[in-house]
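S.K.: Sequence:
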Amino acid sequence: MIFSHHHFVYNLKPLHMKGLTTLQPVLRIFIVNMGFFILMLFINYSVGSSVGDVANEQPALIQPAGYAFSIWGLIYALLFVWIIRGLFVRDEKTNVYRDTQALIPINFLLNSAWIITFTQEYIFLSTVVIFLLLFSLIPLYRIIKRNRNSGLMDRLPFSIYLGWVSVASIVNVFTGFSRSNLTTFLGTGELGWSVVILMILTVVAILLTRLNRDIWYPLVFIWSYLAIFIRSDEETIRWVALISTVLLVIIVLLQVIYNLRRR
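Numbering (the numbering used here), first residue to last: 1 to 263.
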């Protein structure tokens, strides 16, 4: 026999060790991501009041209807699925989990901090925290979007997450204004600023839809604007929200057609 038993076992060892070294980073990233995710959920469900309850105590003009906040449940469910998928990555060297492993725990901690500060009614501090949360989401979104190996279930959670935090951060600012009884800023009242900000957000959503060919991000704005339309008693806000919704629906449909033609 050309190969001895000992030579055969010796040749198997590198393969065995290679499997372990490939598996270990995947497990490590999964454990860290899941640990911080569970912490975030625990904090979310252990605080006394919900985000919607606090926001409705002294609502801003662009306050969405209460049902809009249920999107957090969808975001958490999608993030949970995304974390679980991390156990089954094929290419350990280039997968999105490795590329985002530093930012995910930071993002989940900021999410937890925002839940605490907002529900405990530290509104100014919560505004700072939610913008930090937004700034941690932007690079996450870009990393995943640019990764060649990222699929729909990699991009979808963060498109919806980023879309909602984009809207929620602005609502947080206006909630702070409402709580502090600040009626004017730079000579413009809350109604004027609300109209301007809604229009700016709509333009941002349209631009990101076109630049990233992302139909999920603007859908969150449609969800939010419809909730603002339903809740608001201010006729101007209702019209701006409705027109913005129609524009975004058209943009999404055009983007879907464009994406299908490129396939």
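Treat the hints with caution; some may be incorrect.
Using C-beta positions, here's what the derived DEER-type ranges look like [stated by the list, open to error]:
| # | residue 1 | residue 2 | range |
| --- | --- | --- | --- |
| 1 | Ser-150 | Trp-239 | 36 to 42 Å |
| 2 | Leu-39 | Ala-65 | 26 to 32 Å |
| 3 | Leu-156 | Leu-207 | 18 to 24 Å |
| 4 | Gly-176 | Arg-262 | 14 to 20 Å |
| 5 | Arg-146 | Glu-235 | 39 to 45 Å |
| 6 | Leu-242 | Arg-142 | 43 to 49 Å |
| 7 | Gly-66 | Ile-200 | 21 to 27 Å |
Since the hints were made in silico from the structure, they are not lab data. Cβ coordinates follow ideal geometry from the N, Cα and C atoms, glycine included.
S.K.: Would you mind marking each hint as holding or not holding in the structure?
M.R.: The hints, checked one at a time:
The beta-carbon spacing between Ser-150 and Trp-239, approximately 38 Å, falls within the hinted interval of 36 to 42 Å. Under the hint 26 to 32 Å, the C-beta atoms of Leu-39 and Ala-65, about 30 Å apart, fit the expected range. Take Leu-156 and Leu-207: their Cβ atoms lie about 20 Å apart, and the range 18 to 24 Å holds. Checked against the hint of 14 to 20 Å, the pair Gly-176 and Arg-262 fails, with Cβ atoms roughly 43 Å apart.
For the pair Arg-146 and Glu-235, the beta carbons lie near 43 Å from each other, so the given range of 39 to 45 Å is met. Between Leu-242 and Arg-142 the beta carbons are some 31 Å apart, a value that contradicts the proposed interval 43 to 49 Å. A hinted range of 21 to 27 Å for the beta carbons of Gly-66 and Ile-200 is consistent with their spacing of about 25 Å.
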